[in-house]
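Enquirer: Residue numbers (this note's numbering), protein chains in the order written: chain H, 1 to 405; chain X, 1 to 112.
Quick caveat, the hints were computed from the structure, so don't treat them as lab data. It is possible that part of the hints are untrue.
As the list claims (entries may be wrong) - Think about it this way: if two alpha-carbon atoms lie no more than 25 Å apart in a straight line, the pair counts; the simulated DSS-like pairs of lysine-lysine are: (1) Lys-34(H) to Lys-43(X); (2) Lys-43(X) to Lys-254(H); (3) Lys-43(X) to Lys-305(H); (4) Lys-391(H) to Lys-185(H); (5) Lys-34(H) to Lys-34(X); (6) Lys-43(X) to Lys-185(H); (7) Lys-43(X) to Lys-183(H); (8) Lys-254(H) to Lys-58(X); (9) Lys-60(X) to Lys-26(X); (10) Lys-75(X) to Lys-17(X).
Claimed, not checked - Now the in silico label distances, taken between C-beta atoms and shown as ranges: (11) Val-371(H) to Gly-37(X): 51 to 57 Å; (12) Leu-197(H) to Val-86(X): 23 to 29 Å; (13) Ile-93(X) to Met-250(H): 44 to 50 Å; (14) Phe-296(H) to Lys-17(X): 45 to 51 Å; (15) Arg-82(X) to Met-250(H): 33 to 39 Å; (16) Lys-305(H) to Tyr-11(X): 39 to 45 Å; (17) Pro-255(H) to Glu-14(X): 28 to 34 Å; (18) Arg-82(X) to Trp-249(H): 27 to 33 Å; (19) Tyr-11(X) to Val-359(H): 54 to 60 Å; (20) Met-250(H) to Val-53(X): 19 to 25 Å; (21) Leu-197(H) to Asp-79(X): 37 to 43 Å; (22) Met-303(H) to Gly-27(X): 56 to 62 Å; (23) Pro-255(H) to Ile-93(X): 39 to 45 Å.
For every residue, glycine included, the Cβ atom is placed at its ideal position computed from N, Cα and C.
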Amino acid sequence: MNAADTAFILISAALVLLMTPGLGLFYGGMVRSKNVLGTLMHSYVLIGLISVEWAIIGYSMSFGSDVSGIVGGLDFLNLAGVGQTPHETYANTVPHLAFMAFQMMFAVITPALISGAFAERIKFSAFLLFSLIWAIAIYNPLAHWVWGGGWLMSMGALDFAGGAVVHMSSGASALAFVLFLGKRKNYGREPFIPHNLPMTILGAGLLWFGWFGFNAGSALTAGGLASSAFVTTHLAASAASLSWILAEWMHRGKPTTLGLASGAVAGLVAITPGAGFVTPMASIVIGLVGGVVCYFGVNMKHMFKYDDALDVVGVHGLGGTWGALATGLFASKAVNEAGNDGLFFGNPEQLWIQFVSVVATWVFCFVGTMVILAVVNAIVKVRVGEEDEDKGLDVSQHGETGYQN
Amino acid sequence: MRKIEIITRPYKLEDIKKALTDAGVKGMTVSEVKGFGRQRGHKEIYRGAEYQVDFVPKIKLELVIDSGLVQAVLKAVQDAARTGEVGDGKIFITPVEEVVRIRTGETGKDAI
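Could you build the full structure based on these sequences and the hints that come with them?
Expert: Given below as structure tokens:
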């Protein structure tokens with residue numbers, strides 16, 4: 001047990017928790033004013049729902065003893081055996097409870113990320129039911145595959161802080177969701193303009209801040225590797241914020257604040273899988289490319305004509321995919337002995353492994369989400385009625401309004 | 001008597017007010033309005049999606065003046081409000097049948 005590590009992990013867990021309200025503000029500012037509370041609710045309520053789910057079964061399914069590489073066993077059900085002494089394998093210098101709490105915050109934010117895709121048109125009861133089933137059937141097994149000793153981990157796939165588990169999974173599920181759900185009423189016919197960009201930009205700032213807990217905390221000890229992940233995280237976000245506005249400046253004529261905030265998030269997403277495996281200079285390249293990839297990624301929805309309201313596919317799906325592949329290019333054992341070398345350090349095999357993890361994650365999450373949606377839709381219709389959508393989620397789902405004019 | 005309506009750029013208000021006062025105009029009414037002319041507003045871009053914003057903020061000044069003052073007022077307004085760019089606005093002139101000052105009951109030229 002190490003007191004410095006314990007303090008670091010507890011603070012990191014708190015930082016990751018802060019990302020979820022930050023995400024709520026980021027998303028909340030981008031919707032129309034009649035949906036601001038409903039959108040904030042999508043993030044906040046998952047803190048409650050998923051935390052409880054995680055304690056009862058999620059942690060065990062993710063980090064319990066391995067069952068055929070697919071899912072964790074039930075040894076930690078109801079947090080049995082998760083106490084104040086360290087676990088021998090997971091973060092063995094901090095209390096097992098601290099590691100569990102840190103991982104809990106990741107489980108909370110991931111389904112919240114998806115909520116940006118179906119914003120402004122989902123029934124609250126269906127949202128809760130979907131998120132709960134998705135956490136159990138998709139997130140928990142996937143976390144086990146990558147971090148809990150499952151098959152992707154055994155294969156040698158590198159995912160430092162959740163490129164597959166958090167970002168690709170939410171992006172792929174978001175794509176399935178918007179194809180299932182259809183476009184918002186009058187989408188493409190009337191303008192859907194963000195109602196409060198300063199709120200969005202504040203949210204992006206909180207995400208950036210919290211991301212230091214997300215990525216540096218994933219080192220699980222307060223030391224050199226955490227510092228390295230801290231620096232790569234910051235530099236990738238900085239580089240991507242610049243490359244996104246540069247891309248839109250050249251493409252559309254003006255650098256926008258929403259572009260800068262989106263670019264920063266895109267860079268944070270892109271560096272997440274490789275944060276603890278790549279050098280600071282590599283992270284700048286990953287960020288620069290990530291900003292441009294995601295900028296053009298969000299434009300895909302106009303080409304393919306789906307309504308991913310707040311660009312979860314373009315930012316998290318594509319950013320996470322780029323980051324996973326970039327890890328296969330730029331990873332270096334000189335940075336992290338526990339990692340591996342990537343293509344640029346003489347190990348092309350790693351890129352192949354990363355590619356397999358990308359395909360597995362996308363297919364599993366896309367197909368799984370479609371199945372869950374079919375089930376949920378049979379129980380409670382997922383989409384709100386036309387009149388309720390017109391009134392907005394705030395009044396129709398919660399009986400409140402965000403602003404009195 | 002004539003009623004002059006001027007629709008133009010908000011930031012020109014102070015210049016126009018001064019020019020009108022200098023030309024002998026005693027009073028005016030100003031409103032914040034929204035609208036568009038041939039230039040059709042402006043474009044806004046959110047994550048690569050373009051939206052045409054047709055109604056842009058303008059100000060509308062309304063004043064009633066003696067017919068003899070019309071040419072001086074038109075010149076004053078044009079000098080003060082013209083930038084040469086699209087969106088400078090328009091001036092509308094209409095005849096006024098009668099004016100009544102509510103406090104005193106005065107009518108016509110005396111009531112302006």
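Enquirer: If a hint holds in the structure, say so; if it does not, say that too.
Expert: Going down the list of hints, with the structure as the test:
1. Of the supplied pair hints, the one linking Lys-34(H) and Lys-43(X) holds, its CA atoms being roughly 23 Å apart against a limit of 25 Å.
2. Distance hint between Lys-43(X) and Lys-254(H) is fulfilled; the C-alpha atoms sit about 11 Å from each other, no more than 25 Å.
3. Proposed proximity of Lys-43(X) and Lys-305(H) is supported: the alpha carbons are some 21 Å apart, at most 25 Å.
4. For the proposed pair Lys-391(H) and Lys-185(H), the alpha carbon gap of about 11 Å is at most 25 Å, so the pair holds.
5. Taking the CA atoms of Lys-34(H) and Lys-34(X), the gap is about 23 Å. The hint holds against a cut of 25 Å.
6. Restraint check for Lys-43(X) and Lys-185(H): the C-alpha separation of about 23 Å stays at or below 25 Å, so the hint holds.
7. A hinted pair counts as satisfied when its Cα atoms are at most 25 Å apart, and Lys-43(X) with Lys-183(H) qualifies at roughly 23 Å.
8. Distance restraint check for Lys-254(H) and Lys-58(X): the Cα-Cα separation of roughly 24 Å lies within the 25 Å cut-off, and the hinted pair is therefore satisfied.
9. Simply put, Lys-60(X) and Lys-26(X) have alpha-carbon atoms about 17 Å apart, close enough for the 25 Å limit, and the pair holds.
10. Of the pairs offered as hints, the one joining Lys-75(X) and Lys-17(X) holds, with about 13 Å between alpha carbons and a cut-off of 25 Å not exceeded.
11. Checked against the given bound of 51 to 57 Å, the beta carbons of Val-371(H) and Gly-37(X), roughly 55 Å apart, stay inside it.
12. Taking the beta carbon of each, Leu-197(H) and Val-86(X) are about 27 Å apart, inside 23 to 29 Å as hinted.
13. Roughly 47 Å separates the CB atoms of Ile-93(X) and Met-250(H), a value that falls within the hinted 44 to 50 Å.
14. A hinted range of 45 to 51 Å for the beta carbons of Phe-296(H) and Lys-17(X) is consistent with their spacing of about 49 Å.
15. In this structure, Arg-82(X) and Met-250(H) meet the distance hint of 33 to 39 Å, their C-beta atoms being roughly 34 Å apart.
16. Hint check: Lys-305(H) to Tyr-11(X), Cβ distance near 41 Å, so the stated range 39 to 45 Å holds.
17. Between Pro-255(H) and Glu-14(X) the Cβ separation comes to about 31 Å, which falls inside the hinted range of 28 to 34 Å.
18. With their beta carbons about 32 Å apart, Arg-82(X) and Trp-249(H) fall inside the hinted range of 27 to 33 Å.
19. The hinted range of 54 to 60 Å is satisfied by Tyr-11(X) and Val-359(H), whose Cβ atoms lie roughly 57 Å apart.
20. The hint said 19 to 25 Å for the Cβ distance between Met-250(H) and Val-53(X), and at roughly 23 Å that hint holds.
21. At roughly 38 Å, the beta-carbon separation of Leu-197(H) and Asp-79(X) lies within the given 37 to 43 Å, and the hint holds.
22. Our hint of 56 to 62 Å for Met-303(H) and Gly-27(X) holds, since their Cβ atoms are close to 57 Å apart.
23. Checked against the hint of 39 to 45 Å, the C-beta distance between Pro-255(H) and Ile-93(X) comes to roughly 44 Å, which is consistent with it.
Violated hints are absent here; each numbered hint is respected by the structure.
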